[in-house]
Amino acid sequence: MKFSTSREGDIAVITVAGRLSSAVAESFQTRLMAVLDENPKGVVVEVSELEFIASNGLRALILAAKRGHAGGYRVHLCGMRWQIREIFSVSGLLRIFPHHASLAEGLEAIKSPIR
Amino acid sequence: MSRILLVEDNEMNRDMLSRRLLRKGYEVAVATDGGEGVAMATSERPDLILMDMSLPVLNGWDATRRLKADAATRHIPVIALTAHAMAADREQALGAGCDDYETKPIELPRLLEKIETLLRRD
Amino acid sequence: MAAGAIDPRLAAIAERVRHVVGPATASISAAAAALAAAPNSQDVADEIARIGIAAGQLVEMVEGGAPALGDDGGIEAACSRLRHDLRTPLVALKGYGELVLEIAADEHLDGVTRELGRLLEGVAEVMVAIERALPAPSRAMAAEDHGEGLPPLHPSLRGRILIADDSQANRDILVQYLGREGHEVAAVADGLSALDLVMEQPFDLVLLDMIMPGMNGDEVLKAIKAEPRLRLLPVIMISALDAVDRIVHCIEAGAEDYLPKPFNRVLLRARIGACLEKKRLREIELAYLRAVESELTIAHEVQQSILPKGFPPHRALAGHGLMVPARDIGGDFYDFFVLDDDHIGIALGDVSGKGIPAAVYMAMVRTQLRATASFGLAPAECLARLNQHLAADNPSAMFVSLFFGIVDCVSGVVTYANGGHNPPILVRADGTTEWVPGTGDLLVGVLPDSDYHEAGLALAPGDALLVYSDGVVEAVGPADAVFGEARLASVLSGMADRSPAALADGVLAVVRNFEAGQPASDDLTCVAIRFLGAPTTATANSHQEAP
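Chains as they are written, first to last, in our numbering: chain X, 1 to 115; chain Z, 116 to 237; chain L, 238 to 784.
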C-alpha cells in the first residue's frame, strides 16, 4: 500500500494506492489521522490506484469522516475503481463520502461555494 | 528492689552495663547467651529483661518470642538492645514482642527512664 | 579465595578505615593512657584498666588490615561486620567512660574527670569517622562504585547467572563481583555439575570456562545447545586469549560471546549486560506472540460459541450454516432462531476488525438482534434499533454489515433488511439464480439515526437462498484473480438440487479449489436455506434435512 500526502492550499490531498489490507490498515489509520491533526479545511482521498480495501480501512475512513464532521469538512473520494465503488455502494458508505471521478473535480467541488 | 536480667554475650558490655545498673540501685543477674537467658528468665522471674539482639545459641528475637509465648514469662517487660539504629532492626525487635528498644551505645538516662516506665506499668 | 590473595577492594576499605578512623583512635589511646596515669585513678583502677583494654582492641582493629570475606561472600557483608566490630569496643569505652565519670563525680576524683572528657570526645569522633569510612549498608555500594568509576547496575539488567570454572579463585571473584552487581549467582567447579544445574533450574546466562576436568566447556556448550528448552539460554565462554581457534569453534557452536582471563570488570559488565538484554528481548517477543495467540484463541472461542448449533427443525424449511475462520479471524457470524411456529429468523453479518474486540462486538450484535426480533419487530426496525445502540457510543468506529431476514414458513416469503451487506443470491428450483436486491442501507453502527428499509422476496417450494460473506466473493486465487459474484452464481446454478448442507459445503469446496492453496485472508461464511413448502408439495428431489 502506498500512502502519500500533499496540500492544495488548505486542502489536504491523500493518495492511497495498492491493496489496503487489514495488515496495513492500522498504519494507514495512523498516517491518516496525522494529516487530520493539521486541521485542514478540506480532505480529498485520491484512490484511482487503490485495488482493494479491507473493513479496517473502511473504518479508518469512517473515523476520518467523523472527525471531519466535527471539524467542518467532509472526506471526498476521487477516482474510485469499480471494485472499490462496489464496496462503498453495497455498504451504503457512498452516502457519507462525496465522490468524484477525478482529483480535479474533487478539488473543484470543495473550493466551489455551492454545497 | 527491682531485679534486672541482662542477656549480653560480650563480656565487656556485660560488665559495663551491670556495674552501671548496680550503681543505680538495681539487682542484676546476667546470662551470656539466648538459651541461658530464657532459662534464667523462667527460673528467676526477673522484673525486667535487657536483651541484646545478636546473641549466640538463640538470638535475641527468638529468645524474646519464646518468653512472650510462655504464660509464666509473658508479663516480664523486655527491652531490646540493638547494635544499629536501623529501622529494620527496630521493627524486628518490636515485632518479636519487645516492649521497647535501646540502641548501642546506650544513653543511660534514657534507658533508665524506659526501665522505670516499664516497671511502673505493673 | 585462594590463600594469600586479598581482594583489592577489601584492602582499599582497610586503607580507608586506617586513614579516616585512625587519627581519632589515636586520641582515644592517648586519653586512656593519661587516665591510667591520672591522680586518684586507683579508686577506679578496675574500670580504667578495662578502658585501656577496650582502647587497645579498637586500635588493633583499625590498624589491623583487610577484613575477611565470610560465607556470604559479599563486600557489603564484610563491611557490615567490620563496622559492627569497630563499634563494639567503642560501646564499652563510652559505657565505662560514663561510669567512671559518675563515680568520679560522686567521689570527687577531679584528676580523672578531665581525661575522661577527652576520652569521651574521642569516642564520639571515632563513631563519626566510622560512618564516613564505612557507611551503613544501603549506601555502601554506591560509595564503592563512586570510588571505582562504574555506576550501579539498573535492576532490570540483573539476572540469574551460572558460573562453571574449576578455579576456586575465579569462581570467588566472579561470584563476588556479579553478586555485587545485583545478579543472583550460582557457581560450580565442573562441566557435569553445570549441565545438571542448568537442566533443573532456570538461568538467564551461563559463564563457562573452556578448560575443566571431566566435561570441557565446549562439550557442555554443545549439550546445552542440543536441549530444545535451553535454546534461548546464552552462554559466554571464559578462556585465556591464546585459545582463539577454540573460541571461534564455540561461537560457531552457539556461544554468544567469550570473555578473556584475567577478568576485566568493564568488559564483564558490558558483555554480560548485552547477553541478558538480548535474552530479555527475545523473551518479550515470545511472550507477545503467545499473547497474540491467546487473544486469537479467545476471540475464536467467542466466535464459535455464538454460532447456532444446528438449524431449527421445521417441516417446511431446511437450512444449514457454516463459518470457516481465517487465521486472524475476520469477524463473521451467522444466526438462525425460531420466532414462532411459522417464522424463523436468519442473520449473517461481518464485523469490522478482528480479535477480541470484534468477537465481543459480534456477540453483542447477535444478542441484540435476537432480543429485538423476539419482540415481534420487523427486520428493518430491528436493524434501526441495533444501529442506534451501536452507533451511540462508538469511538473506535466499529461496524457490522448485516443481513437479517424473517422467513414465513407457510408462505415462503422472506421479509428482510440489509445494512451494507453483500446481496444474497436466490437459487430457484430450476437452477436459475437471482441476486436479491439490496436496500441501499448503510452498515450498521456507523451513523446514529440511519434509516433502514425493508423488502421481501418470495420462495417457491424447492427454491433456495444463499446468504454469504465477502470471504466468498473476495477470495483470491493465483495471479490475484478474484472469485467474484458471477462465478458464485454460476457455481450455484449447478447445485440447485442439493440440500442446504451440501450447497454450503459445495460453495466452500469451490472457493478453496479456486484459492489453490493461497491462505484465506477472511472468514468464509454462508447460510443456505431451502423452502420445502407444505408437506404435500415436497418434491422427490429435495432431501429432508435432519438439522
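You may find that some hints are simply not true.
Stated by the list, open to error - Distance ranges between label pairs, derived from CB positions:
id, chain 1, residue 1, chain 2, residue 2, range
1, Z, P224, L, A286, 53 to 63 angstroms
2, X, V24, L, S611, 32 to 42 angstroms
3, Z, G210, L, I290, 29 to 39 angstroms
Hint data in this document are derived by calculation from the structure and do not stem from the laboratory.
Glycine residues also receive a C-beta, built at the ideal position from the N, C-alpha and C atoms.
Cross-check of the supplied hints:
no.: 1; hint: Z/P224 - L/A286: 53 to 63 angstroms; verdict: violated (26 angstroms)
no.: 2; hint: X/V24 - L/S611: 32 to 42 angstroms; verdict: holds (41 angstroms)
no.: 3; hint: Z/G210 - L/I290: 29 to 39 angstroms; verdict: holds (36 angstroms)
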